[in-house]
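Each chain is listed here by its residues.
Number of protein chains: 2
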Amino acid sequence: MTRIELYDTTLRDGMQGEGMSLSAQEKLRVAHRLDELGIDVIEAGFPSSNPKELELFGLLAGETFHHAQVAAFGMTRRRDRSADADPGLRVLADSGAPVCTIVGKTWGLHLQKVVKVDRDENLRMIAESVAFLSGEGKRVIYDAEHFFDGFADDPAYALSCLLAAAEAGAEVVTCCDTNGGTLPHRVAAAVADVVAALNPTGARLGIHCHDDAGCGVACTLAAVAQGAVHVQGTMNGYGERCGNANLVTVIPNLQLKLGYECVTDEQLASLTQAAHFFDEILNFTPDPDKPYVGRNAFAHKGGMHVAGVNVDPATFEHVDPDVVGNRRELLISELSGKGTVHARARDAGISLGDGQAGRLVERVKELEHRGYHFEAADGSFELLLRRETGDYEPLFRLESWRAIVEKRADGRVETEATIKIWVDGERYVRTAEGNGPVNALDRALRDALVEIHPHLRDIDLVNFKVRILDETKGTGAVTRVLLDASDGDQVWGSIGVSENIIEASWEALVDSLEYGMRVLGPPARRSSDEAASAPSS
Amino acid sequence: MTRIELYDTTLRDGMQGEGMSLSAQEKLRVAHRLDELGIDVIEAGFPSSNPKELELFGLLAGETFHHAQVAAFGMTRRRDRSADADPGLRVLADSGAPVCTIVGKTWGLHLQKVVKVDRDENLRMIAESVAFLSGEGKRVIYDAEHFFDGFADDPAYALSCLLAAAEAGAEVVTCCDTNGGTLPHRVAAAVADVVAALNPTGARLGIHCHDDAGCGVACTLAAVAQGAVHVQGTMNGYGERCGNANLVTVIPNLQLKLGYECVTDEQLASLTQAAHFFDEILNFTPDPDKPYVGRNAFAHKGGMHVAGVNVDPATFEHVDPDVVGNRRELLISELSGKGTVHARARDAGISLGDGQAGRLVERVKELEHRGYHFEAADGSFELLLRRETGDYEPLFRLESWRAIVEKRADGRVETEATIKIWVDGERYVRTAEGNGPVNALDRALRDALVEIHPHLRDIDLVNFKVRILDETKGTGAVTRVLLDASDGDQVWGSIGVSENIIEASWEALVDSLEYGMRVLGPPARRSSDEAASAPSS
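Chains A and B supply the protein sequences, listed in that same order. Under the numbering used here, residues 1 to 537 are what the first sequence spells out, in order. Under the numbering used here, residues 1 to 537 are what the second sequence spells out, in order.
Take these hints with a grain of salt, some might be off.
[What the hints assert, rightly or not] Lysine-lysine pairs mimicking DSS-like chemistry, simulated, CA-CA at most 30 angstroms apart:
| # | chain 1 | residue 1 | chain 2 | residue 2 |
| --- | --- | --- | --- | --- |
| 1 | A | Lys52 | B | Lys365 |
| 2 | B | Lys465 | A | Lys52 |
| 3 | A | Lys116 | B | Lys338 |
[Said to hold, decoys possible] If the Cβ cut is set under 8 angstroms, some of the chain B residues that face chain A in the computed set are:
| # | residue |
| --- | --- |
| 4 | Val217 |
| 5 | Gly243 |
| 6 | Asn246 |
| 7 | Pro291 |
| 8 | His318 |
| 9 | Glu399 |
| 10 | Ser400 |
| 11 | Arg402 |
| 12 | Thr415 |
| 13 | Ile501 |
The set of hints was computed from the structure by calculation and includes no laboratory data. Think of the CB as a built atom: it goes at the ideal place given N, C-alpha and C, for glycine as much as any other residue.
Go ahead and model the full structure; you've got the sequences and the hints to work with.
So, in C-alpha cells, the structure goes:
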C-alpha cells in the first residue's frame, strides 16, 4: 500500500478565504486537531508576512505534536541578492519549523509580466533558495506556482524549474494549479511527464489544487494515480475564490476507494467530528451537503431508500458512515447515542441508569432540534447530565433582569443592566454598566454573587461566539451563543439559544458560571494531575 | 464541435434535496428560466408520485418554450402486468410531455434484495416499458439506476440491461451513479465499454452523477470524454445527500475548456444571473465560493494578485468572468491600494480625484484597523465613497434610540425599542416590540420611514451575521455585524462595528437601508437592461 503524505495548508492558504480569521491561540488548537487527525505536515503560515505570523511560529516551537511536522511558508530569494542575504529566507531558516515550503515561478507569462525576472535567473533563484534552506537543515518542499499553466505554455521550461528544485535538494516538488482551472485529464497528463522527469532525482512529487472548475478533489486524485505521493489541501476546502482541494473529501477517497494509506482507522473515524470542529472554531455553519461528513451525506429521504438500507446498507450507501464518523439519517450529533451519553457521564464521574440515559438522549435530540449543539459546550452538557440525575443545585434563583442600551443625542452609547436574584433566601438587586448589554449583565450578576463566592473573581470569559442559525430570516432569526470560560486552570464551554440574542447570551453566561462554581469549584481543591487530564473544550 | 444534450433534473431529482420546496407556479418560472439558459430537456417531475405533480404537467402543457422539451419521469412496468396495463406508464403516456424518462434496475443486489425480481424478467420489464412509450410517440430516455455498481458487480448483465433499452427504441440510455460514490477513473472505464456495446444500436449515451465523493462534475466530464453526449444534472448541484452533478459548473467546463457545444455565448453570459435566480426562488443564500458563478469565484485579495490582474487578467484568472456573466471582485483589504479604490469607484459610476482616492485608502485602512472589513459589505463601501465625494444625503438625522430587553419574573423575555429621528425638519418618535433588540429597532425605524419612503417595504434583510472580533476578550470584545439586504432584484451587504453589539447592528441596519433607498432606489426606476448588468453583490 502506497503511503500518501498529507500536507494541510488551512493555516496559510486556507486563511486567504473570505471570512477566515483566527487568533494565534486558536491556530494552535487547529494545529493540534490536525495532528490528532493524522496530518503529516501542517503549514502554519508565512512568517515573513507580518509580525503576528512570526509570533505564531514562536508559540509553535513550544508545542509538542504526536506525529505532524510544522512547515513555514515563504518565497524564493529576490532577484537582486544571494540566498543567504535574503531576509525572507533568513526568517524561514530561523523559524524553528523543521519543514520549509517555498513557492516560485514556472510560467513565462508571470516572469515576463508580473515579476519581470529573466528565465535563467528564475532557475538560479529556485536552486539557490532550495540549497540554502536545505543547507540550514530543513526539509524543503518546492511549490511550483501556476505549474499547469506554465506546462501548457512551455513544458520544457516548466519541467526545468522543477528539476532545478529537485537537484538542489528539495525533498518534495509540488505542482500547483494556482488559478484552479485545470481539469483532471490535463493534470494527469502533465503529472505523468513530471514523474518521469523527476525519477532520476529521487524527489517525490506533490500536488496542490483549487476548486475553480469544481474539480479540486478529482484533480488531486488524478495526480496521485499518476504517481504523486504528497497531497496538499485544506480542511473543508477553505481557501480563496472557490477554495482549495478539500482534504476532508480527499482522505476517505484515497483510503476507502483507492487503497492508499493516509491515516489510521481511528483517525478516519474522527473525520466528521474534526471537520465540524474546524467550522466551529472559524464560526462557520457546517455545510450539510459536504461529502462524507455533511449532516445530509448519509440521509435517506425516499421510502424506497430507507427500506433498501434496512435490508442492506450497500444498496443505497457508497461507504459505511461509521468509517468516517458520520451516521445515517438526519440528525447528527456526537452526543445523541446512548453509548456516548454513558461515556460522557463516566468522564464526569456520574453514573446513569438506563432510563436516565434514554431520557437524556431524547432531551439532547429535542434541544438540538431547537439549535443547541453540545460539541463545543461541554460545560452546558455536564450541567444537563447533573440536572437529570439531580446532582445539581443552582447558584441562584432569578427574579428578573433588564438590559437597556441607549444611543443618546450626543452620539454616546450607554448600556446598563439590572438583575434581581435570590441566594439563600436573600434578595440581591444590582445594576452595572458595560460596553455592551451582555457585559453589563455579566458585571451585575458577578457584583451580586461575588460577596458569597469570592472565587468567582478567578473566572474569566475568554471566548464569546455568536452564530445566527437561520441567517436568511434576517434579524428575526434564532441566535446561538457559545461562551468559553476559564479559571486559569481549565477551560470550559457553554451554550445558549434564543430568538433574542441577549437571552441566549444570558443563558450561556449562567451555565458558564454555574459550571465553574458548582462543578469545578475553586482550583485549589483540584490536584494538578486532575487538571492536566481534563478536557479543554 | 460535438453537441452535448443538457438534461436538467432540478425539478425532480433536485427536489429531493433538504429544504427544497416550490409551488407549481414557481416550478413554471424555473422551467422558463432553464429554457432561456439553453437547457435541452427539462425533467419536470414524476407525475405518478402525487396529484400535484400531475397538475404541474397539466400546467406545463399550456406553456410555450423556445427551445427546451419537457420530460416526465417514471419507472419500468411492474413485474406482474403488461406495459400497456401499467398505471404508471399510462400516466407517462398521457402526461403531454414529449420526452419520457424511465428508470430501471441494472444491479443484481437490488433485484435480489430490494425489488425481488428475476434477472430475465427485469430485462423484459425494461424492453417492454421502453417499447410501449416509444409506441406512444414519446422520445424515451432510459435511466439505468446504480449502473456503475451493477457494472462493477456483473458487467455483462449491466450491459444487457442497457442493450435491452436501446434495442427496444430508447433514444438515450443513461448510466446513473445513483449512490454517487464512483470515482472518475471508474466512470471512464465503464463508459468506454458501454459506448462500444451501444454503438450498433444507434442509441446515444447519457451520464447522471451525484457528488457523494466530491467528484460529480469530474465524473460527468470523464463520461463525456469517453463518448457520452447527454448530460444530466441540476442547477447549483441541488439534490439529496451531497447533491447532483452541478450543471452550472459542468456547462462552462464543457464549453470553455473542452470545446463542446452546449449553449449560446449569450446564454453562457447569463449563467451567473440564472444560478442566483434559482437560489433566490428556493430561498437559499447563493454560495459565494461556487465555481464560475460565486461572488468570490473571481475575487482577488493579495496585492500581487491585484497588480497581476491589472497587467493581464490571464495571470490570475482561469477564464474571463464576463463570459459566464460574473465579475472580478477586487476585495477591499489592507493589502490593496488606490488602484482597487479607483476600480470600485468606476464600477459605482463615481469619479475620484487622486487626493480623494488617497484619503479613501487611508480611511479604509483606519476602519479596517478598528475591525471593519468591506469584502462582503459592498453597500457600506459605496456609501463611504459617496460620503467622501459629497454625493450622499442621509435618509434621516438621528436624535437618539433606546432598546430595552427584560426577562420578567414569569420567565418571559420582552423587547422594545424607541427611536427619535428627524426627516425634512420633522421629528418622528416610534416604539416597536421585536423578538430581539435589533429586530425591534429595525421595526421602529421602518415604522417612521415607511410613511415617507413606501419602497422601504420592498427591502428585506436576508442575512444577519455576527462575529466577535477579539473573542478572547469575552463579552468585552468588539463585535462586527454583517447584514445582507435585498429588494428582490439585487442583494447588497453592509457592516457595523462596535464594542456594543446593538450599536454595531444599528450601524449596519442604517447603511443597509440607506444603500437600498439612496443609491439603488425603487427597482421600477431601473430599466431591465440596467438590472441585468448591475452587480448582484
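Comparing the hints with the structure gives:
no. : hint                  : in the structure
1   : A:Lys52 <-> B:Lys365  : holds, 18 angstroms
2   : B:Lys465 <-> A:Lys52  : holds, 26 angstroms
3   : A:Lys116 <-> B:Lys338 : holds, 22 angstroms
4   : Val217                : holds, 4 angstroms
5   : Gly243                : holds, 5 angstroms
6   : Asn246                : holds, 6 angstroms
7   : Pro291                : holds, 4 angstroms
8   : His318                : holds, 2 angstroms
9   : Glu399                : holds, 5 angstroms
10  : Ser400                : holds, 5 angstroms
11  : Arg402                : holds, 4 angstroms
12  : Thr415                : holds, 6 angstroms
13  : Ile501                : holds, 5 angstroms
Against the hints set out earlier in the document, no violation occurs for any number.
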